[in-house]
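Turn these sequences into a full structure, and let the hints guide you.
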Amino acid sequence: MPVEYIPRTRELYSDFTPYRWVVNTTVPWTPLRKPIAQSKIALMSSGGIMYRDQPRFHHEDASYRRIPKDAAREDLSVWHFGYPTADAEKDPNCVFPLERMRELEAEHVIGELSDPAFSFMGGVYSARKIREELAPQIVDELRRAHVDAFYLVPA
Amino acid sequence: MTSALDITQSVKAPRAVFVNFPLGHQTGRPNDPAIQRKIVRDALRAFETIGTPGEIVQLPYVWDPNDRTWETRDYTKGWMPERPSREAADLAEAERAARYAK
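Residue numbers (our numbering), protein chains in the order written: chain A, 1 to 155; chain B, 1 to 102.
Don't read these hints as lab results, they were simulated from the structure. It should be emphasised that the depicted structure is a prediction, and the values quoted were computed from it without experimental measurement. Glycine included, each C-beta is placed from N, C-alpha and C at the ideal position. Hints are supplied without guarantee of correctness; some may be wrong.
[Said to hold, decoys possible] Computed list of lysine-lysine pairs in BS3-like fashion (alpha-carbon distance at most 30 angstroms, straight line): (1) A/K69 <-> A/K40; (2) B/K77 <-> A/K129; (3) B/K38 <-> A/K40; (4) B/K102 <-> A/K69; (5) A/K34 <-> B/K12; (6) A/K34 <-> B/K38; (7) A/K69 <-> B/K38; (8) B/K77 <-> A/K69; (9) B/K102 <-> A/K90; (10) A/K90 <-> B/K38; (11) A/K90 <-> A/K69; (12) A/K90 <-> B/K77; (13) A/K40 <-> B/K12; (14) A/K90 <-> A/K40; (15) A/K90 <-> A/K34; (16) B/K38 <-> A/K129.
[Said to hold, decoys possible] Only part of the chain B face toward chain A is listed, based on derived beta-carbon distances under 7 angstroms: (17) D6; (18) S10; (19) V11; (20) P14; (21) L23; (22) G24; (23) H25; (24) F47; (25) G54; (26) I56; (27) R73; (28) Y75; (29) R83; (30) A97.
Shown next, in the form of structure tokens:
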């Protein structure tokens, strides 16, 4: 059975004021304009991935990192306080499937993997910060790159 | 992509693909490119097959058929492994800066 994370988080942090989860009543929708095999796709993970000497993330940090699409696995590292990162440190593809996306691009399963990919540290308490600070910058990045589809991996 | 079904239902992503794996493995087990590839391919396919806003496709993969205890244990009190201290995180950051300094 899927874990119910909302009640479980409420219980885990029962000493604190209950977290107000985002509850949306409508669903945004943009039809896919072309098949995936012809689409330019951007990848973003909230798993806290950093490339080479990029600065690490901090608490309530809504900044993001631009990860070159050809980044080698050895040049990626992970910092996140909200999930156990041991496996992602061993293999970032657990939460940031950059190598798999590169392979699928080479095999023409997707049209193009957009460069760069993106990551931020999703353990940010303030949903407002994500909505008003981080999201508009990412939207701007995607528009400038003329991306057709956006693949998000929340960790 | 999601491994937290109730949160994704609450947020209402336009399209989502659910895999029932522990958090931190939304696109598969470490050093297991075969399962990673299946999950990513299924997710990409869902861009084309999902026609209803908010639909969540549930993938059939099982984390460990012989051990489902993580489902009752994860995210309960005392379960989260000790996080690196601020000092350890700062040290790791300084090491990376030194390694890539020209």
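So, going through the hints one by one against the coordinates:
no.	hint	in the structure
1	A/K69 <-> A/K40	holds (13 angstroms)
2	B/K77 <-> A/K129	holds (27 angstroms)
3	B/K38 <-> A/K40	holds (20 angstroms)
4	B/K102 <-> A/K69	holds (22 angstroms)
5	A/K34 <-> B/K12	holds (23 angstroms)
6	A/K34 <-> B/K38	holds (22 angstroms)
7	A/K69 <-> B/K38	holds (20 angstroms)
8	B/K77 <-> A/K69	violated (38 angstroms)
9	B/K102 <-> A/K90	holds (26 angstroms)
10	A/K90 <-> B/K38	holds (20 angstroms)
11	A/K90 <-> A/K69	holds (19 angstroms)
12	A/K90 <-> B/K77	holds (25 angstroms)
13	A/K40 <-> B/K12	holds (24 angstroms)
14	A/K90 <-> A/K40	holds (28 angstroms)
15	A/K90 <-> A/K34	violated (35 angstroms)
16	B/K38 <-> A/K129	violated (34 angstroms)
17	D6	holds (5 angstroms)
18	S10	holds (5 angstroms)
19	V11	holds (5 angstroms)
20	P14	holds (5 angstroms)
21	L23	holds (4 angstroms)
22	G24	holds (4 angstroms)
23	H25	holds (5 angstroms)
24	F47	holds (5 angstroms)
25	G54	holds (4 angstroms)
26	I56	violated (10 angstroms)
27	R73	violated (10 angstroms)
28	Y75	holds (4 angstroms)
29	R83	holds (5 angstroms)
30	A97	holds (5 angstroms)
Checked against the numbered hints above, the structure violates hints 8, 15, 16, 26 and 27; every other hint is satisfied.
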